[in-house]
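Undergrad: Just so you know, the sequences run in chain order U and S. 1 is the number of the first residue of the first sequence in the working numbering; add one for each residue after it. 1 is the number of the first residue of the second sequence in the working numbering; add one for each residue after it.
Careful: at least some of the hints might be erroneous.
Below are the SDA-like pairs computed for lysine to any residue, each with C-alpha atoms no more than 25 Å apart in a straight line [claimed, not checked]: (1) U:K599 / S:Q323; (2) S:K333 / U:L507; (3) S:K599 / U:L507; (4) S:K145 / S:A220.
Label-pair distances were calculated between CB atoms; the ranges are [what the hints assert, rightly or not]: (5) U:T547 / S:A332: 19 to 25 Å; (6) S:G513 / U:G552: 36 to 42 Å; (7) U:A600 / S:E35: 48 to 54 Å.
Keep in mind the hints are simulated off the structure, nothing from the lab. Heads up, the beta-carbon is just placed ideally off N, CA and C, and yes, glycines get one too.
There are 2 protein chains.
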Amino acid sequence: MAKYIDMDNLKFILHEVLNVESLCELPRYKDFDKESFDLLLDSTKTYADNELFPVHREMDADPARYEDGKIIVHPMVGKLMTDAGANGTIGATFDYDDGGMQLPNTIYVANGHIASSANNHVTGYTGLTHGAAHLIVSFGEQVLKDTYVPNMLAGKWAGTMCLTEPQAGSSLSDITTSAKLNEDGSYDIKGQKIFISGGDHEYSENFIHLVMARMEGAPAGIKGVSLFVVPKLRIKDDGSLEANNVDTVGDFQKMGQRGYCTTHLAFGEKGSSKGWLVGPPNRGLACMFQMMNGARIDVGCTAASIATAAYHASLQYAKERPQGRRILSGGAKNIEAEQTTIINHPDVRRMLLLQKAITEGAVALIMQASLYHDLSVAGSEDERERYHDLLELLTPMVKTYPSEKGQESINNGLQIFGGYGFCTEFPLEQFYRDIRITSLYEGTTGIQSLDLLGRKVIMKNGATMKEFTKEIISVIKAADNYDELKPYALHLKNASKTLEETLMHLLQFAMSGNHERYIADANIFMELMSTVTIAWQWLKMATVAKTALVTGKTTYSTTFYEEKIHTMKFFFKYELTKISSLSETLKHPDTLTIAEENKAVFA
Amino acid sequence: MAKYIDMDNLKFILHEVLNVESLCELPRYKDFDKESFDLLLDSTKTYADNELFPVHREMDADPARYEDGKIIVHPMVGKLMTDAGANGTIGATFDYDDGGMQLPNTIYVANGHIASSANNHVTGYTGLTHGAAHLIVSFGEQVLKDTYVPNMLAGKWAGTMCLTEPQAGSSLSDITTSAKLNEDGSYDIKGQKIFISGGDHEYSENFIHLVMARMEGAPAGIKGVSLFVVPKLRIKDDGSLEANNVDTVGDFQKMGQRGYCTTHLAFGEKGSSKGWLVGPPNRGLACMFQMMNGARIDVGCTAASIATAAYHASLQYAKERPQGRRILSGGAKNIEAEQTTIINHPDVRRMLLLQKAITEGAVALIMQASLYHDLSVAGSEDERERYHDLLELLTPMVKTYPSEKGQESINNGLQIFGGYGFCTEFPLEQFYRDIRITSLYEGTTGIQSLDLLGRKVIMKNGATMKEFTKEIISVIKAADNYDELKPYALHLKNASKTLEETLMHLLQFAMSGNHERYIADANIFMELMSTVTIAWQWLKMATVAKTALVTGKTTYSTTFYEEKIHTMKFFFKYELTKISSLSETLKHPDTLTIAEENKAVFA
């Protein structure tokens, strides 16, 4: 079978870089240890090998679709839900009291990375069910928990999140789905929701939709939006199920991730769709953000996973494909020699190293953020807030960097295949199509960038940003212990200063009230800051690798650690260098994209 | 009908920027004038509106394919060949004596841009026929011209170029297709050719393949490769056609450009495939380069055209789609206000301006190169060589910039559509797939970059590069006449210096014999140099626009000219700034991608 993930890399990040087993010293995670983590990871890998990877290509060729009023999906969807329910994956991170096993989020996400690398078309089905159940557990009344969560965790019922409406995509303020209070405390939900992933199919007995809607008389805007649980089938007093008038009226055919159904749902059109409030009235967004933040990390993880699978496919191809000859001294080629495999061409190595730098850097960041998550939930009381804030700061980058740069990574992988990369007989073109959704759903890159610059970097008057800088500095200090790493430590130090100075420059606009100017180039700022962030992760990995080589305490081959240091250098030469130009753009005096100041343009 | 091209922009570039009608002063083009050029362009636009654009989407949905030994294509392929034959398009640039109308290449390419913007799945069929016929006209003996060219120009017979073999993609040195001399002077051709665009279908009576093959006893490598014309059906003495044992044995199903068939041909397997030598023995590549250079410009033009159509689709969507509200002073939004159309959001404007900057910059470069082509063919005797050399220098960038940056442009266009961009009901996902081939065929970006850095910039000991710099300086001088443009003139001057210094830095490696190091980052150099090149084109356009506004000699709206200046500024702020980082990478001391120096990596 083709390699789609390097388990050594994942375990290196978890154990040697993040020391994830230190979580087991915390009361919440005391029943785990390194061995039980590895056992889980390895069994996920076996399942992914045997079940998920083999159907990845056919799920693309025979996509999920709407036919005769029904959504048709691949049978693997049903098998995965059943298996995940049976082995406790769906609610693994939940409290024991809520039917979970109190698994650290970091291991849960690592498992997701393995599964999504094998097959990114199926992991959303269980992921959304996890998220929806978690939302009910966190904010729902006991009766809602009892009614829905057990069947969801058992993989019998599926969960979804219903935000988008035809007239309101990114603008959740403009949601018009209505909720009318009934005498029994339930609400009649009426409206249309689009782009609902995993919204319907024959393999789940029931669908538990978490729906954003507006109560009668609620204030305009996002402050009038509440959250409701709206099942496809409602539960009668005798426990039997009856239709709740949630109709699947169509689907969306997509360029990629075609095995993951995307549905159009109509609530309350043919009769009453009953829903029940989750969390306080008009506070739907605050509740939903819990699920959205999780989903954003999942999307980042999915993107990194698709790019990881693509990297291994192109690495294998580059090692096997003969083509051309080395360019020798003076520019000559020895035409009598056998063709070399293409991995020996500098440009192919550049593309492979770029893939390695992006994908492994992205995975490191995702795991770092997940560790912060665990520490914010179960760390020592006085540190929880700090880790929570760091997670908040990282989240838009965790979502965006793997999505945007993962596309670039796969693009380079496809290029390594030459013309074959464009053909359907090789998997790269599928990965290229699959990943393209990740910079769109759960908030586009534009939305994530507004979140990063407009909210996150200014959290607590910049205190969170300072904590983030401290994390970077501690890595710089550790790297500074090794002569080989000193130049890169200095490079990151300067990069961190560039980030800070650029942000200060932009903040002048915000402070003078010109918020539109402040935020106009948020995307460019995202690119700059996430490049520095990944450089931080790379220097951290390289320092750990160097320490292992120097002390001889190595778990994997010497080459493994040398490649880590090498790839860090690659990232610094080819990627971190970009921030000087990005800063130049951000500081440039021309204001060219603000409509009010440039009325003639696109008039 | 949706807009897919801005004819004003094309005519502005041709007439106001390049003054293409000055060509009509040259003897070769004396029968043309501005009006006849416009008449041709407008009639191409009408044809594209009525015939090509309407079938663009269905050619994707119902792709060209191999069934029962035959290639099935859309009937539009047949209609286009017939119509192009009837109106003289295929051989339009040929000499009168060869059945052409001596149309300047610039206008021919401009027509191709219009047609490819409407439908990029069909223009290759006529384009290859043009190129193959031109090769026979240029290098073939009279009997070959008489036998093949008239039917090709009439659109009855189609042409192809057959280079790639399964074991030899980019490495033409490794071609093994053989050519064995017969007593009658013909050759028996035997071998397999893959990725042959437009290689077979029911709408052309015959296919005239230009095949690279190796004569018995020829030297190893590219110096033993000759060029042959090998028809699908050979012509008997009585004029009737008989099978020439060129068999279509399969096809390639592709991610995009699915209406353009890509075939696998077998020569001489079931009997003798007769071919006739074109040009001198063992000089096949030199001859084929004529067709390849034309094809490379065609590919750049196709890429720019797909990106142009995508730009207009996303511009239209951005003007129509309401979503969200402006961010006002202090970061507030007026939630009571109606939603704004998304074109008013800075990030959407940024993406649109990026598309405009890339696509219009690319079209300007393509037309500039095409004008150099015409001047190299028909200009005053003493200038022909200079223009020939400038064209040689530009060609790899003309192929690569629109391909690589066109992908980025479309990627941004897709993003403007949000989730809809990923769905098949909107055209962006098709454009996104279609364009991806352009950085692969006719020499990948890697190959083009080796050509640029390894051959072109050092042509004639750097004299051509100096001529290129002169062209840039003349634009800087013209811009310097306007206060508004002075800062940008200075920016380009510095950028040109950065290019020069970076090249000098790299040349040290070549001069010390370390050619592999010199060439290792050719792709990064390509990015740097083509960014400077497009900045040159933008400053040129902006200066012409400024002059028109100042003198009042405007053909189009004031907004049109203001947008040109604005987009130049955008390119300089967001794109030209990138070269400082690219130069930093190119000058970085680490050598990380050379296999010999990093044996542990990817071991």
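Undergrad: Hint by hint, say whether it matches the structure.
TA: These are the hints, each one checked on the structure:
no.: 1; hint: U:K599 / S:Q323; in the structure: holds, 19 Å
no.: 2; hint: S:K333 / U:L507; in the structure: holds, 19 Å
no.: 3; hint: S:K599 / U:L507; in the structure: violated, 47 Å
no.: 4; hint: S:K145 / S:A220; in the structure: violated, 30 Å
no.: 5; hint: U:T547 / S:A332: 19 to 25 Å; in the structure: violated, 50 Å
no.: 6; hint: S:G513 / U:G552: 36 to 42 Å; in the structure: holds, 39 Å
no.: 7; hint: U:A600 / S:E35: 48 to 54 Å; in the structure: violated, 31 Å
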